[in-house]
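Novice: Spelled out from the first residue to the last, the chains are:
2 protein chains.
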Amino acid sequence: MKYRLLALTGILLAMSNVIAENSAPTAIAIHGGAGTIKRSSFAAGQEAAIRASLEAAVKAGYEVLRTGGTSLDAVTVTIKMLEDTPHFNAGKGAVFNAEGKNELDASIMDGATRNAGAVASVHTVKNPIELARLVMTKSPHVMLIGDGAEEFGRNHGIEFVDPSYYHTEYRWQQLQKAKAEHDRSEAGTERWYSTVGAVALDQDGNLAAATSTGGTTNKRWGRVGDSPIIGAGTYADNRSCAVSATGTGEYFIRSVVAYDICARMYYRGISLGDAATEVIMDELPQMGGDGGVISMDIDGNIAMVFNTAGMYRASVDVNGTVSVAIYGDESN
Amino acid sequence: MKYRLLALTGILLAMSNVIAENSAPTAIAIHGGAGTIKRSSFAAGQEAAIRASLEAAVKAGYEVLRTGGTSLDAVTVTIKMLEDTPHFNAGKGAVFNAEGKNELDASIMDGATRNAGAVASVHTVKNPIELARLVMTKSPHVMLIGDGAEEFGRNHGIEFVDPSYYHTEYRWQQLQKAKAEHDRSEAGTERWYSTVGAVALDQDGNLAAATSTGGTTNKRWGRVGDSPIIGAGTYADNRSCAVSATGTGEYFIRSVVAYDICARMYYRGISLGDAATEVIMDELPQMGGDGGVISMDIDGNIAMVFNTAGMYRASVDVNGTVSVAIYGDESN
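Sequences listed follow chains A and B, in order. Quick note, the working numbering runs 1255 ahead of the 1-based positions in the first sequence. Quick note, the working numbering runs 1255 ahead of the 1-based positions in the second sequence.
Hints are supplied without guarantee of correctness; some may be wrong.
Pairs count within a copy or across copies, as identical chains cannot be separated in the list.
[Stated by the list, open to error] Computed cross-link-like contacts, BS3-like style, restricted to lysine-lysine with a CA-CA straight-line distance of at most 30 Å:
1) LYS1393 with LYS1293
2) LYS1381 with LYS1356
3) LYS1356 with LYS1432
4) LYS1393 with LYS1434
It is worth saying that the hints were derived from the structure and are not from the lab.
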């Protein structure tokens, strides 16, 4: 009798899983940057705080999906939370450029319509991801930069902050260290790319992707990396996948990383995991590029692939399983 | 005897053609923008002047290739000439933004190394393509924007001009007309996208691509189109092809047009012509995008494809045949 009950329960569970997957699978994956993240890197409590921030953000995004919200809303809510914490190089925690200022970039893309919005080099926008989304929905354009992008935001009720909002002692010390290293050796700073990103699938079967960053510490000359470049740092297309990238942005632009993963799936019929692995573990290192991606296909399969020691990452998969990880030797 | 001599000459010519193609085929193709170009659009002599400019520029680029120069040098020389004429929306002939200023964008890519350089929203650089090339060769970055990009250029001996250099009466009147139309209907301006671009194959078998633009008349908010976006407006990879695009930039960014043509060739094994035709005649119009591309594969095959009434274009193919065309009903 006991075995019969177990068998029946098993069948019912299997059926309910199938029904749930067929009706409306939803999933979300996020990153907080890839790089040379070592267990010895953290002050006491810092690692736990970062894990808690990742978990809160991914759960907030998943709640949007679970209650019938769109993937665009899920990635926006999640990125906003990551921008508002000081732990990641985006929004509040943005790094300083060589002039001691913060230059923020963000982009978002809708897999259903392939609409997209991006901003680069904004200085006083509290949540660059919200401005990128307004560019997508309220302008005929995809990319706005600098003062012009901020002027557009002012016309649409975006929240602005004083530049001092972005001042965190941690990032300020990073800049001083980078300047000292640059003066000594031109070698640049520690390779740690804590851009943030999110990809999601909603109950209507639509994918979305979004990315936000403060760029690189001590950057000069109005440098723009891959985060605000549609195709490089962010891409979403219901026909293939949604991708958000983090790493040495120049290589990601030259390899068109986010779109290339989608193109390999779409044109060659390979799986998301294989496509992401080829690009991040093979194509990028051949050029000299470091970093990773989070990516999701139309069935909600998740691939989080990086060629660095670690990548801050978290996900809620189609079964509702929550995962938070940092190091390469942790399972996703 | 006369016939024998002719026959012998024919055989020798045929042999010399074959030898030239096998040893070191070179070719170049350029565009001066696509759009609703009608025969009735031109003032007397204007069409002839534009054709002469296209022919001079493509021949100058081909001369670089013929004498053993690199494809990067060929596209740079060609784009510089197109930037220096007032006929095209790049450099000297750049359109005005809503504030009556000129914002110039350019990008360049090396198919051998997939190195790339791009600048966006520069205001006083005489030849943006030269600055983009310096970003590629003299900085660790791919994309620099605004004042920062100009500061980088000053450190590397770039030629600057007074903003009045870009003042052409033709473009100024275009802005006044666009503003009047915008005030009336929000419908915007005539669809005429005279960005310039070039692709080339050199004797070493290396491809290169480059694009330069003044953006769109009456543009606001620091809008950036596809021209300075690697993957969208410009791409080059010896494994597949070199592409320069022109058109409604937002759609070209969302479709990652330049890279997508290369990806379709590389991943599906189809010809350059088929790949370019699929993207420009099928994919883009489905989204609502207008424009075209010039493109070249590693054998020097040229595909110049546009879904608009015309595209300013010229080429010298692997046989040395020169072609200049404007309208859709002209053969390339």
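Novice: Using 30 Å as the alpha-carbon threshold, which applies to LYS1393 and LYS1293: within, between, both, or neither?
Specialist: neither (42 Å within a copy, 33 Å between copies)
Novice: Regarding LYS1393 and LYS1434, is the shortest C-alpha distance of 30 Å or less found within a copy, between copies, in both, or in neither?
Specialist: between (40 Å within a copy, 20 Å between copies)
Novice: Could you place LYS1356 and LYS1432 in one of the four classes (within, between, both, neither) given a Cα distance threshold of 30 Å?
Specialist: within (16 Å within a copy, 39 Å between copies)
Novice: Give the relationship of LYS1381 and LYS1356 under a CA distance limit of 30 Å: within one copy only, between copies only, both, or neither.
Specialist: Intra 14 Å, inter 29 Å, cutoff 30 Å: intra and inter.
Going down the numbered hints, you'll see the structure goes against just number 1.
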